[in-house]
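Please model the complete structure; the sequences and the hints are all you need to start from.
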Amino acid sequence: MEAFRTMDAVAVPLPRPNIDTDQIIPARFLSRPREVDHTEFLFHDARRLPDGEQNPDFALNREAWRNARIVVAGKNFACGSSRESAVWALFDAGFRVAIAPSFGDIFRNNGMKNGLLPVMLPADVVENILAQIEADPGARIQVDLPAQTVTAPDGSVHAFEVDPFAKHCLLEGLDEIGLTQSYEEEIAAFERRFGRENVR
Amino acid sequence: MSETMFEKIWQKHRVLEREDGQTLLYVDTHLLHDGGATAFDFLRNRGLKPRAPERIFATPDHYVSTSSRKVEEIEDERHREMVEKLDRNTREYGIKQFGLGTEGQGIVHVMGPEQGLSQPGILLVCGDSHTSTHGAVGALAFGIGSTEVAHVLATQTLWQRKPKTMRIRVDGRLSDQVTGKDVILAIIAKIGAAGGTGHVLEYTGSAIRGLSMEGRLTLCNMSIEGGGRAGMVAPDDTTFQYIAGRPYAPKGAAWDAALERWRALPSADDAVFDAEVSLDGSAISPMVTWGNSPEDALPIDGRIPDPSSAADAERREQMARMLVYMGLEAGTPLSEVAVDRVFIGSCTNSRIEDMRAAAAVAKGRKVAGSVRAWVVPGSEGVKRQAEAEGLHEVFRAAGFEWREPGCSMCLGTNGDIAQPGERVASTSNRNFMGRQGPGARTHLLSPAMAAAAAITGRFTDVRRLLAGEA
Numbered sequence: 001m002e003a004f005r006t007m008d009a010v011a012v013p014l015p016r017p018n019i020d021t022d023q024i025i026p027a028r029f030l031s032r033p034r035e036v037d038h039t040e041f042l043f044h045d046a047r048r049l050p051d052g053e054q055n056p057d058f059a060l061n062r063e064a065w066r067n068a069r070i071v072v073a074g075k076n077f078a079c080g081s082s083r084e085s086a087v088w089a090l091f092d093a094g095f096r097v098a099i100a101p102s103f104g105d106i107f108r109n110n111g112m113k114n115g116l117l118p119v120m121l122p123a124d125v126v127e128n129i130l131a132q133i134e135a136d137p138g139a140r141i142q143v144d145l146p147a148q149t150v151t152a153p154d155g156s157v158h159a160f161e162v163d164p165f166a167k168h169c170l171l172e173g174l175d176e177i178g179l180t181q182s183y184e185e186e187i188a189a190f191e192r193r194f195g196r197e198n199v200r
Numbered sequence: 201m202s203e204t205m206f207e208k209i210w211q212k213h214r215v216l217e218r219e220d221g222q223t224l225l226y227v228d229t230h231l232l233h234d235g236g237a238t239a240f241d242f243l244r245n246r247g248l249k250p251r252a253p254e255r256i257f258a259t260p261d262h263y264v265s266t267s268s269r270k271v272e273e274i275e276d277e278r279h280r281e282m283v284e285k286l287d288r289n290t291r292e293y294g295i296k297q298f299g300l301g302t303e304g305q306g307i308v309h310v311m312g313p314e315q316g317l318s319q320p321g322i323l324l325v326c327g328d329s330h331t332s333t334h335g336a337v338g339a340l341a342f343g344i345g346s347t348e349v350a351h352v353l354a355t356q357t358l359w360q361r362k363p364k365t366m367r368i369r370v371d372g373r374l375s376d377q378v379t380g381k382d383v384i385l386a387i388i389a390k391i392g393a394a395g396g397t398g399h400v401l402e403y404t405g406s407a408i409r410g411l412s413m414e415g416r417l418t419l420c421n422m423s424i425e426g427g428g429r430a431g432m433v434a435p436d437d438t439t440f441q442y443i444a445g446r447p448y449a450p451k452g453a454a455w456d457a458a459l460e461r462w463r464a465l466p467s468a469d470d471a472v473f474d475a476e477v478s479l480d481g482s483a484i485s486p487m488v489t490w491g492n493s494p495e496d497a498l499p500i501d502g503r504i505p506d507p508s509s510a511a512d513a514e515r516r517e518q519m520a521r522m523l524v525y526m527g528l529e530a531g532t533p534l535s536e537v538a539v540d541r542v543f544i545g546s547c548t549n550s551r552i553e554d555m556r557a558a559a560a561v562a563k564g565r566k567v568a569g570s571v572r573a574w575v576v577p578g579s580e581g582v583k584r585q586a587e588a589e590g591l592h593e594v595f596r597a598a599g600f601e602w603r604e605p606g607c608s609m610c611l612g613t614n615g616d617i618a619q620p621g622e623r624v625a626s627t628s629n630r631n632f633m634g635r636q637g638p639g640a641r642t643h644l645l646s647p648a649m650a651a652a653a654a655i656t657g658r659f660t661d662v663r664r665l666l667a668g669e670a
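Protein sequences, first through last, are from chains V and P.
Sequential numbering from 1 applies to the first sequence in the working numbering.
Sequential numbering from 201 applies to the second sequence in the working numbering.
To be clear, the hints were calculated from the coordinates, so they are not data collected in a lab.
Heads up, some of the hints might be wrong.
[Said to hold, decoys possible] Simulated restraints, written as ranges between beta carbons of each label pair:
| # | chain 1 | residue 1 | chain 2 | residue 2 | range |
| --- | --- | --- | --- | --- | --- |
| 1 | V | 51 | P | 302 | 41 to 49 Å |
| 2 | V | 66 | P | 376 | 50 to 58 Å |
| 3 | V | 49 | P | 531 | 22 to 30 Å |
| 4 | P | 474 | V | 50 | 38 to 46 Å |
| 5 | P | 251 | V | 33 | 21 to 29 Å |
| 6 | P | 507 | V | 154 | 25 to 33 Å |
| 7 | V | 148 | P | 452 | 54 to 62 Å |
| 8 | P | 482 | V | 48 | 44 to 52 Å |
| 9 | V | 154 | P | 273 | 42 to 50 Å |
[To be verified] A few chain V residues facing chain P, derived, Cβ under 8 Å:
| # | residue |
| --- | --- |
| 10 | 4 |
| 11 | 23 |
| 12 | 30 |
| 13 | 34 |
| 14 | 37 |
| 15 | 40 |
| 16 | 79 |
| 17 | 82 |
| 18 | 102 |
| 19 | 109 |
| 20 | 140 |
| 21 | 165 |
| 22 | 174 |
| 23 | 177 |
| 24 | 181 |
| 25 | 186 |
Every residue gets a Cβ at the ideal spot worked out from N, C-alpha and C, and that includes glycine.
Below you can see the structure in the form of structure tokens.
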């Protein structure tokens with residue numbers, strides 16, 4: 001996994017609530033393996049008009065936000081399907097941080113395991129940040145994982161919570177399997193204790 | 201001893217807990233489907249193999265054709281490859297696969313309970329958000345991403361932070377034709393699509409106790425649509441009768457021992473939940489969704505809501521956008537909205553009871569000429585049982601297509617999709633924009649209500665149809 005520490009980047013607003021992972025990557029692209037670049041699948045249908053042309057009004061299609069690496073979204077961002085390719089599509093398109101008042105639980109886990117930091121901030125703070133980046137397209141946000149802070153375009157600093165274990169893995173770019181294997185003794189002991197009654 | 205059922209199951213599976221609060225949990229049962237090839241690639245790249253193949257069970261569902269049972273007849277090469285990869289991966293590592301066309305194949309969340317793999321008190325995971333389904337037997341079951349699937353394959357464990365708990369109590373007697381589907385849609389309409397985020401939901405109360413196993417599976421299936429990490433119902437005699445005799449259910453003395461353990465699972469009377477919600481079951485009507493989130497559900501006698509009635513500007517804008525996408529006008533009675541397609545199937549509603557409920561409505565009636573209606577049984581077992589009961593003939597005589605088991609039009613990964621602008625009455629779980637194909641308009645409802653919509657060509661209170669009033 002790619003490590004993440006800090007970021008100073010353009011933030012794109014996606015203010016709608018309940019943006020589901022079916023919108024982030026439609027189901028017909030789910031058979032693509034991880035090696036395939038998922039950039040073009042990101043919001044594939046949402047960013048196009050019915051005739052297939054790019055929708056100029058969709059935020060990701062606007063010049064000021066083309067190089068955005070942070071997404072700021074409405075509540076319950078990336079709810080729904082567990083498809084990890086929703087994270088891959090965001091990641092391949094350059095995103096490393098998603099800020100929202102709440103996330104789908106599975107997406108949040110998937111993000112932390114794939115180098116995409118989900119940041120939960122109070123609804124009024126997110127609303128305020130959205131207003132700032134909508135009023136000034138191309139405005140930048142700073143994210144500091146070690147300090148657990150987000151600095152909005154107006155300079156206001158907002159602290160966020162992050163699971164210490166996931167933070168450690170993300171800072172170091174560790175994948176969990178190696179770490180879990182270091183607990184082999186405990187797992188084997190558990191398996192012996194768990195006993196025959198629980199074997200299929 | 202005032203633990204919730206969730207806490208009891210959590211404790212039992214705890215391998216270790218780190219100081220930072222992360223808990224390593226041991227997974228009893230890991231279910232796989234044909235969308236999981238990435239996890240095996242991940243494993244191979246690291247030179248690993250499954251730690252406990254005897255705890256893994258697989259079946260193809262997302263990419264299978266619903267018009268043929270032959271792998272070679274899957275037209276799209278990518279789809280065929282997904283089904284073939286599951287077959288190869290399970291053979292290579294000695295994992296039990298219920299393969300295409302064999303007894304046992306089906307939608308993974310239909311297969312698990314049907315085989316008796318989903319049991320009270322176990323920790324079950326699968327790389328699919330609707331894994332919450334299996335909580336209906338009193339298990340802790342939740343969906344995980346593909347990196348986590350690889351982790352479980354390699355270690356049979358999973359790192360988790362303890363979620364919160366929410367008790368959802370539904371008391372009272374459900375009206376005729378009010379099903380598990382209507383109850384869960386009413387619950388989500390009340391708590392919202394993010395209402396259960398970070399929580400394990402336990403459903404309780406007399407209306408829940410009165411649900412059949414199939415009804416509880418439907419209920420728990422959609423826990424994720426209310427944001428829930430998992431959903432569960434305490435096991436009782438309904439559960440035990442359902443499991444008894446199934447292929448992987450304990451037998452003989454093991455059954456007696458299991459029953460003793462299972463009876464100790466329900467939450468203590470004085471158990472404390474982090475959140476409490478209650479609904480009056482007797483007030484729930486057959487429900488139909490109108491928008492693009494499962495929270496946008498209405499009783500069948502409702503009207504399409506007016507955005508000007510929204511509480512705030514954000515909701516107003518969202519409602520207006522959904523009405524445009526859905527091609528609906530505020531104020532229209534739901535019963536005047538015409539449908540183009542009907543889909544009876546999915547991990548939410550494709551079990552034998554669902555087939556029977558839909559067939560009871562279809563019997564002796566005809567699908568409206570303007571409607572294309574499909575019935576996709578959830579598994580080979582459901583299909584064979586339904587055919588033994590003659591239900592397929594009832595459906596065919598009424599003008600429904602009787603198809604082969606799989607996920608099908610719920611999400612269209614196998615190519616079963618609706619056309620742009622088509623309105624679908626669907627027994628599935630998500631009415632998201634584009635879920636059933638770009639531009640497709642999905643309305644969620646129960647199997648009986650879907651059958652009624654197929655007959656009249658518009659949303660119809662099935663109770664009125666059966667009474668000869670519609």
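Against the structure, the hints:
no.	hint	in the structure
1	V:51 / P:302: 41 to 49 Å	holds, 44 Å
2	V:66 / P:376: 50 to 58 Å	holds, 56 Å
3	V:49 / P:531: 22 to 30 Å	holds, 29 Å
4	P:474 / V:50: 38 to 46 Å	holds, 45 Å
5	P:251 / V:33: 21 to 29 Å	holds, 23 Å
6	P:507 / V:154: 25 to 33 Å	holds, 31 Å
7	V:148 / P:452: 54 to 62 Å	holds, 55 Å
8	P:482 / V:48: 44 to 52 Å	holds, 47 Å
9	V:154 / P:273: 42 to 50 Å	violated, 60 Å
10	4	violated, 15 Å
11	23	holds, 6 Å
12	30	holds, 6 Å
13	34	holds, 6 Å
14	37	violated, 15 Å
15	40	violated, 15 Å
16	79	holds, 6 Å
17	82	holds, 4 Å
18	102	holds, 5 Å
19	109	holds, 6 Å
20	140	violated, 25 Å
21	165	holds, 4 Å
22	174	violated, 12 Å
23	177	holds, 5 Å
24	181	holds, 7 Å
25	186	holds, 5 Å
Of the numbered hints stated above, those contradicted by the structure are hints 9, 10, 14, 15, 20 and 22, listed in ascending order.
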